[in-house]
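Enquirer: Now for the letters of each chain:
Protein chains: 2
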Amino acid sequence: MYRPQIKVLDCTIRDGGLANDSHFSLETVRAVYKACCQAGIDYVELGYRNSKEMFSPQEYGLWRFCDEEHLRRAVDGIDPGGTKLSVMQDAHKAVPEDILPADESVVDMIRIATYVKDVDKAIRLANNATDKGYEATINIMAISHEMGGPFLDEALQQIEEETSVQAVYVVDSFGALYSEEVHFLVSRFQKFLKTKEVGAHFHNNQQLAFANTIEAVIRNANYLDGTLYGLGRAAGNCPTELLIGFLKNPKFRIEPILDVISTTILPLREGIEWGYHIPYMLTGILDQHPREAMAWMNSESKNDFVSFYRMLTEESGEA
Amino acid sequence: MYRPQIKVLDCTIRDGGLANDSHFSLETVRAVYKACCQAGIDYVELGYRNSKEMFSPQEYGLWRFCDEEHLRRAVDGIDPGGTKLSVMQDAHKAVPEDILPADESVVDMIRIATYVKDVDKAIRLANNATDKGYEATINIMAISHEMGGPFLDEALQQIEEETSVQAVYVVDSFGALYSEEVHFLVSRFQKFLKTKEVGAHFHNNQQLAFANTIEAVIRNANYLDGTLYGLGRAAGNCPTELLIGFLKNPKFRIEPILDVISTTILPLREGIEWGYHIPYMLTGILDQHPREAMAWMNSESKNDFVSFYRMLTEESGEA
Numbered sequence: 001m002y003r004p005q006i007k008v009l010d011c012t013i014r015d016g017g018l019a020n021d022s023h024f025s026l027e028t029v030r031a032v033y034k035a036c037c038q039a040g041i042d043y044v045e046l047g048y049r050n051s052k053e054m055f056s057p058q059e060y061g062l063w064r065f066c067d068e069e070h071l072r073r074a075v076d077g078i079d080p081g082g083t084k085l086s087v088m089q090d091a092h093k094a095v096p097e098d099i100l101p102a103d104e105s106v107v108d109m110i111r112i113a114t115y116v117k118d119v120d121k122a123i124r125l126a127n128n129a130t131d132k133g134y135e136a137t138i139n140i141m142a143i144s145h146e147m148g149g150p151f152l153d154e155a156l157q158q159i160e161e162e163t164s165v166q167a168v169y170v171v172d173s174f175g176a177l178y179s180e181e182v183h184f185l186v187s188r189f190q191k192f193l194k195t196k197e198v199g200a201h202f203h204n205n206q207q208l209a210f211a212n213t214i215e216a217v218i219r220n221a222n223y224l225d226g227t228l229y230g231l232g233r234a235a236g237n238c239p240t241e242l243l244i245g246f247l248k249n250p251k252f253r254i255e256p257i258l259d260v261i262s263t264t265i266l267p268l269r270e271g272i273e274w275g276y277h278i279p280y281m282l283t284g285i286l287d288q289h290p291r292e293a294m295a296w297m298n299s300e301s302k303n304d305f306v307s308f309y310r311m312l313t314e315e316s317g318e319a
Numbered sequence: 001m002y003r004p005q006i007k008v009l010d011c012t013i014r015d016g017g018l019a020n021d022s023h024f025s026l027e028t029v030r031a032v033y034k035a036c037c038q039a040g041i042d043y044v045e046l047g048y049r050n051s052k053e054m055f056s057p058q059e060y061g062l063w064r065f066c067d068e069e070h071l072r073r074a075v076d077g078i079d080p081g082g083t084k085l086s087v088m089q090d091a092h093k094a095v096p097e098d099i100l101p102a103d104e105s106v107v108d109m110i111r112i113a114t115y116v117k118d119v120d121k122a123i124r125l126a127n128n129a130t131d132k133g134y135e136a137t138i139n140i141m142a143i144s145h146e147m148g149g150p151f152l153d154e155a156l157q158q159i160e161e162e163t164s165v166q167a168v169y170v171v172d173s174f175g176a177l178y179s180e181e182v183h184f185l186v187s188r189f190q191k192f193l194k195t196k197e198v199g200a201h202f203h204n205n206q207q208l209a210f211a212n213t214i215e216a217v218i219r220n221a222n223y224l225d226g227t228l229y230g231l232g233r234a235a236g237n238c239p240t241e242l243l244i245g246f247l248k249n250p251k252f253r254i255e256p257i258l259d260v261i262s263t264t265i266l267p268l269r270e271g272i273e274w275g276y277h278i279p280y281m282l283t284g285i286l287d288q289h290p291r292e293a294m295a296w297m298n299s300e301s302k303n304d305f306v307s308f309y310r311m312l313t314e315e316s317g318e319a
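Heads up: the protein sequence lines correspond to chains A and B, in order.
Residue numbers 1 to 319, in the numbering used here, belong to the letters of the first sequence in order.
Residue numbers 1 to 319, in the numbering used here, belong to the letters of the second sequence in order.
Extracted from the complex, chain A is given alone in its bound form (with noise of 0.2 Å):
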């Protein structure tokens, strides 16, 4: 009853890394990659490999950046079974020269991240991942200000026809999505996308990410992004364990994933808040980035949503 084409990725690491600026320690990151490896996830990724020009490493941790070196230690002595290593490249803010030719690398996939506008730059870097011996993605954020107007369209067609990557991801960057928006984004992303899959990644704002995620299976999406406990940026992801759950794919255990949120993921709550609040809901449902929510979060007005609500909608009334 499994799709076998479904690819599951777990980007905890690297997505939770936009809330820590990639500060985790050693430990955790070899907890999350030998769960993931032992639950039969299919890539793991491990951060970002950003460019130091763009990112201070005096300001971001090891994982913004993902030296070969770092990545090494991470995955030392850890039976991968059949799970890949990935690492992303923001279009914008990363270089084709810090990728290695995939022969001299731990990693098995770069995945691009981009906006529509930054197609071009999308392009290079993907060609320039495929070009060195890796699997490659893109994965076009912000989705939900793409919806209208013909950039989507073109960009999805210079992507099949100018790359060789072999998914092409619909980013709900702002948790703004309904499902009936998941099924018109994803099938018109397989309207252009004739040699490659359609790929998953939505924000939890609203609740949706897990849902969100389902409505992409249905509609065919095969490549799948989770993160443990939901783990990421204001209210965070789908989370791993509940894809797992769901997915009927036998080479899945779910034992791994629960021991590592218990022993390694839970602590993190310490030092990092995540998950759904009022404030992230509100800019999911004005489909806002979360960056205006962050900072009422880390204020003293913290919890009063209604002056918060009506400084979000003041502002998107401003003409």
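You may find that some hints are simply not true.
Identical copies look the same in the list; a pair holds intra-copy or inter-copy alike.
[As the list claims (entries may be wrong)] Calculated lysine to any residue pairs in the SDA-like style (CA-CA distance at most 25 Å, straight line): (1) Lys302 / Pro256; (2) Lys194 / Glu160; (3) Lys302 / Glu270; (4) Lys7 / Ala102; (5) Lys302 / Ser262; (6) Lys248 / Leu286; (7) Lys248 / Ser179; (8) Lys132 / Val75; (9) Lys7 / Lys191; (10) Lys248 / Asn220; (11) Lys93 / Leu26; (12) Lys248 / Ala142.
Just so you know, the hints here were simulated from the structure itself, not pulled from any lab data.
Using the hints, position chain B against chain A.
Expert: Just chain B now, with coordinates in the frame of chain A:
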């Protein structure tokens, strides 16, 4: 673009009462009632009217019984606008004699919660309510255990023929349903209920309560339950604020909802723990009652998820 037939019912006090034995202060109940009236919510459910022979008034709070005098104190001086007042009776734990004639009561609607096996008791209580002049519904609990076999169909047919309730709810007590099952169940209800609306009451064990409510709406369910900030037993419910954010009827106002969450609901977290937790997620995935998860959450092993998972799956392996 909105569907005027849609009715939203907030059951924060009633369903939340399962998490604190209905021990809400009068101040809390009044604040919730007032906010829902101001927000344009169609119905507010302030508790159960269950039998004092079945529940001890020493052990349970006022809102397990909803005596008329206590309801009158809850609503006194608050302009209801168009908002109606509801109470719930459990088919197997309530008696017809506890219901006054409607013109002597502040209650507008009586909802009968039942298992399929108790449908005859439910019909008796529902007819008692409508005969006395109330609106009434029947809410079929534990529906995920009734997917197969003939008994659900028979119960629906009986309700259609033998009552004049206005709606019959799909109640996912265990938070086990996925969207395709919601579609299946709503359609199945509609097949038998030619003269009645279908309602949706979902639990959030798998973070699907809101998503499944949307899916029910898509299939033309028109009676929708929510609770403020999802307050409810175990993983809680569909958050009313998400529902109001989603629905397009201009009569709904979200600010009173945001305000009461801020001032009244968040402080309740000191005494009640609800929301997404791995033990509740596991009983949801395994389609089991949350009672064992609730006990686990109150134990010292609370965060030992692997042991809890093994306990559940070994038990369900018993034959």
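Enquirer: Treating 25 Å as the Cα threshold, decide for Lys302 and Glu270: within, between, both or neither.
Expert: Both: 17 Å inside a copy, 17 Å across copies.
Enquirer: Reference check for the pair Lys7 and Lys191, CA-CA at most 25 Å: within, between, both, or neither?
Expert: Cα proximity of Lys7 and Lys191: one copy only (21 Å, versus 38 Å across).
Enquirer: Please work out whether the CA atoms of Lys248 and Ala142 approach to 25 Å or closer within one copy, between two copies, in both situations, or in neither?
Expert: between (30 Å within a copy, 23 Å between copies)
Enquirer: At most 25 Å between CA atoms: does that hold for Lys7 and Ala102 within a copy, between copies, both, or neither?
Expert: within (21 Å within a copy, 58 Å between copies)
Enquirer: Evaluate Lys194 and Glu160 at a C-alpha cut-off of 25 Å and name the case that applies: within, between, both or neither.
Expert: Close inside one copy (7 Å), not across copies (49 Å); limit 25 Å.
Enquirer: Checking an output row: Lys248 and Asn220, CA cutoff 25 Å. Within, between, both or neither?
Expert: Within. Shortest intra-copy distance 15 Å satisfies the 25 Å Cα cut-off; inter-copy 29 Å does not.
Enquirer: With identical chains, the pair Lys93 and Leu26 could be close in the same copy or across copies; at 25 Å between alpha carbons, which is it: within, between, both, or neither?
Expert: For Lys93 and Leu26, only the intra-copy Cα distance (24 Å) is at most 25 Å; the inter-copy one is 56 Å.
Enquirer: When no copy is specified for Lys248 and Ser179, does a C-alpha distance of 25 Å or less occur within a copy, between copies, both, or neither?
Expert: both (22 Å within a copy, 16 Å between copies)
Enquirer: Go through the copies and call it for Lys302 and Pro256: within, between, both or neither, with a Cα cutoff of 25 Å.
Expert: Between copies only: 17 Å across, 35 Å inside.
Enquirer: If the cut is 25 Å between Cα atoms, do Lys302 and Ser262 qualify within a copy, between copies, both or neither?
Expert: between (28 Å within a copy, 10 Å between copies)
Enquirer: Should Lys132 paired with Val75 be assigned to within, between, both, or neither, using CA atoms and 25 Å as the limit?
Expert: Answer is within; shortest intra-copy Cα gap is 22 Å, inter-copy 70 Å.
Enquirer: Indicate which option fits the pair Lys248, Leu286 if close means a Cα-Cα distance not exceeding 25 Å: within, between, both or neither.
Expert: Between copies only: 13 Å across, 35 Å inside.
Hint compliance for this structure: no hint is broken.
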